[in-house]
Amino acid sequence: MALANTEIDELVSLERGEVDRRIYTDPEIFELEMQRIFARSWLFLCHESQIPEPGDFFQSVMGRDNVLVVRQRDGSIKAMLNTCAHRGNAVCRAEEGNAKNFLCTYHGWSYGIDGRLNGVPGFKTFYDGQLDKSRHGLAQVAQVASYKGFVFGTHDASAPPLEEFLGATGRLGLDQIAARGDMVVVPGIQKFIIDCNWKIAVDNLFDWYHPQITHASAFQPGVMGTDTASAAEREKIDLSEVNMDSGAALDLPATGISGTKFDQVVVLGEYGHAIGGPTASSSGNSAFDTTWRSTAQARAALGPVGVEVAGHPNIFPTTWIAVSVQLSLRIPRDPGHTEIWWFTFVDRNLPRETRDFMVTIACRIFGPGGVLEQDDGENWAQATAQTRGIASRRMKHQLTMGLGRGKIIKEGGLSRIEGLTGEHGQLWTYHSWAQWMKGLSWDELKRVTTPGDFI
Amino acid sequence: MQMSNEMKSVPREDRIAAMVLHYEVERFYYDEAALLDSHRYEEWLALFADDAHYFMPIRRTRMQREMEKEFTKPGEMAFFDDTKTLLAGRIKKLGSGRSWAEDPPSRTRHLITNVRILKEDGSTFEVQSNFHLYRTRLNSEETSWIGSRRDVLRRVEGSFQIVDRKIFLEQTVLLSRNLSNFF
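Chains A and B, in that order, are what the protein sequence lines are.
Numbering-wise, this note's numbering puts 418 at position 295 of the first sequence, and it's gapless, one number per residue.
Numbering-wise, this note's numbering puts 90 at position 56 of the second sequence, and it's gapless, one number per residue.
Please keep in mind that the hints were generated in silico from the structure rather than gathered at the bench.
Bear in mind that the values here come from a model prediction, so they are computed numbers and not experimental data.
Heads up, the beta-carbon is just placed ideally off N, CA and C, and yes, glycines get one too.
Careful, some of the hints might be misleading.
[Claimed, not checked] FRET-style restraints, in silico, Cβ to Cβ: (1) B:Tyr-64 <-> A:Lys-271: 50 to 58 Å; (2) B:Ala-68 <-> A:His-209: 38 to 46 Å; (3) A:Gly-178 <-> B:Ser-157: 24 to 32 Å; (4) A:Gln-253 <-> B:Lys-107: 22 to 30 Å; (5) A:Arg-517 <-> B:Lys-107: 45 to 53 Å.
[Stated by the list, open to error] Derived pair list, reagent style DMTMM-like, types lysine to aspartate or glutamate, alpha-carbon separation capped at 25 Å: (6) A:Lys-223 <-> B:Glu-104; (7) B:Lys-200 <-> A:Asp-479; (8) B:Lys-118 <-> A:Glu-567; (9) B:Lys-107 <-> A:Asp-305; (10) B:Lys-107 <-> A:Asp-179; (11) B:Lys-126 <-> A:Asp-305; (12) B:Lys-107 <-> A:Glu-462; (13) B:Lys-107 <-> A:Asp-368; (14) B:Lys-118 <-> A:Asp-368; (15) B:Lys-118 <-> A:Asp-318; (16) B:Lys-103 <-> A:Asp-368; (17) A:Lys-223 <-> B:Glu-100.
[Stated by the list, open to error] On the chain A side, residues computed to face chain B include the following (Cβ under 10 Å): (18) Glu-219; (19) Tyr-250; (20) Gly-304; (21) Asp-305; (22) His-338; (23) Ala-341; (24) Leu-373; (25) Ser-404; (26) Asn-472; (27) Arg-475; (28) Asp-479; (29) Gly-490; (30) Val-494; (31) Ile-531; (32) Ile-532; (33) Gly-535.
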């Protein structure tokens, strides 16, 4: 690749809070992302509860590799590339299901659920027995591991173990779901395609500046389907000279995720993981249940600092844990298209009524029909479209809110910044992205993505 | 052709009654589509019963032997899982003047075809229809959703109410940015 490390450094400036728009549109950069991020990083594949029985499989994506995640007869989980060792055809074309074998429909090579090549048509007659079947199984993903039921894989055999990769920040992110109970995925993964660059969809999850504007229509009482009507009103932020195209002043609902006195905490982690959003005590009117945090189980899992962190975690690069007890993947398809997947979690032991309510709310808020995400997609698509013009591309994206005022407090194994809404989470993601793009050794990558004292 | 043989054995007055019912149901759907395509959402909502359920399941590509698990069911995840109150919330959002994904509004056209009355018990009817919802947005965005709806309609004062609507899309991964329109 022609892109030198010095050029990569010019794309993201942590000092100026600027991002070059080229990173959202350049096919060369996209190819480099596939090699240096998606072929190296641990990536979320699925949750163990989706594949409880031997032969249960879920088809996932690592970069542009299609991967079969399969429960084995001994209870373990394997992940293998969905491509025949003979001529490359997919050996499974279903998204999920249960299989006893994977049959390649091209020439009939037949694999066990462990990926072993069992049967080859004409093994005696055509091959004369001269084929070493033990060498032509399905390719196994280099490393597969599970953290509290969340299954991850990496194509890089030299990647650090999953728990080390996640670190305290990544683990705290997954614990935001795991610590709520005996969590299982509700059947039905929402999948849809937004015509935006994947990084715009990712950085938005740290952005608590946009909800009050982007989602103004959804935060009116009665729209979200939660009890926002009775939610406490917040003091509005200053909107002086913020006017609509009609000339009318932009009037925002005082409920929902908005207003002043909205304490935030941003956690920055190694390898680019981060968590950004409100503190647990400040998110009281956002309609999401925070009572689960007071259980002994949750307090022990989250720790004294983590129990106050109620924002959105992102496991670098593309795994978002949403406050709606959902996990969303932002899967890059090409520079201008991102496939979004939503996994929804409930406690297996919830009463039916509570469970149904959680499922209804999950359908309601995010996903393509969600009253929040339908307006997000419009912004991200248009923001991506405006990176294509030569003149527009000369303008840098600005992430300067709170820049230079983010004092990093290190406590309980976590690095955090306290204050009001800022853009530190996004900036940390882009800084880390640039380091990944240099193709550093794992040790060096960890060193340059370890938070300092200020941002 | 079996159908026409069946029809032959049905008395003429019953056949005429079936045609009238079919005509009424079709006209109801055409009027409904006209409301949606002219963005008259409050009037559209009034067609739903207070206890209505509006559900678009998620569809999954599965092997033929597992087709009974192709669609998710109520209680599982969906693209839409709304009560009438929740539908009213969506309409309130659209009318707020700040529903950015629909301002400028989408241009939509609902084509309703292949109407079949599957079951009737005098006052309620189970009806399947096919739809093509064509949408364009802004200058060059184009979406086509084709699928079927299975409704439970209830007879009220010379017209019908929608008690239950299940929408089955011919897509698994949704090939559009959002579902900011009604089906």
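Against the structure, the hints come out as follows:
no., hint, verdict
1, B:Tyr-64 <-> A:Lys-271: 50 to 58 Å, "holds, 53 Å"
2, B:Ala-68 <-> A:His-209: 38 to 46 Å, "violated, 56 Å"
3, A:Gly-178 <-> B:Ser-157: 24 to 32 Å, "violated, 47 Å"
4, A:Gln-253 <-> B:Lys-107: 22 to 30 Å, "violated, 51 Å"
5, A:Arg-517 <-> B:Lys-107: 45 to 53 Å, "holds, 52 Å"
6, A:Lys-223 <-> B:Glu-104, "holds, 19 Å"
7, B:Lys-200 <-> A:Asp-479, "holds, 18 Å"
8, B:Lys-118 <-> A:Glu-567, "violated, 56 Å"
9, B:Lys-107 <-> A:Asp-305, "holds, 22 Å"
10, B:Lys-107 <-> A:Asp-179, "holds, 20 Å"
11, B:Lys-126 <-> A:Asp-305, "violated, 37 Å"
12, B:Lys-107 <-> A:Glu-462, "holds, 23 Å"
13, B:Lys-107 <-> A:Asp-368, "violated, 43 Å"
14, B:Lys-118 <-> A:Asp-368, "violated, 32 Å"
15, B:Lys-118 <-> A:Asp-318, "violated, 31 Å"
16, B:Lys-103 <-> A:Asp-368, "violated, 48 Å"
17, A:Lys-223 <-> B:Glu-100, "holds, 13 Å"
18, Glu-219, "holds, 6 Å"
19, Tyr-250, "violated, 28 Å"
20, Gly-304, "violated, 18 Å"
21, Asp-305, "violated, 18 Å"
22, His-338, "holds, 9 Å"
23, Ala-341, "holds, 6 Å"
24, Leu-373, "holds, 8 Å"
25, Ser-404, "violated, 28 Å"
26, Asn-472, "violated, 16 Å"
27, Arg-475, "holds, 8 Å"
28, Asp-479, "holds, 6 Å"
29, Gly-490, "holds, 6 Å"
30, Val-494, "holds, 6 Å"
31, Ile-531, "violated, 35 Å"
32, Ile-532, "violated, 37 Å"
33, Gly-535, "violated, 35 Å"
Checked against the numbered hints given earlier, this structure breaks hints 2, 3, 4, 8, 11, 13, 14, 15, 16, 19, 20, 21, 25, 26, 31, 32 and 33; the rest are met.
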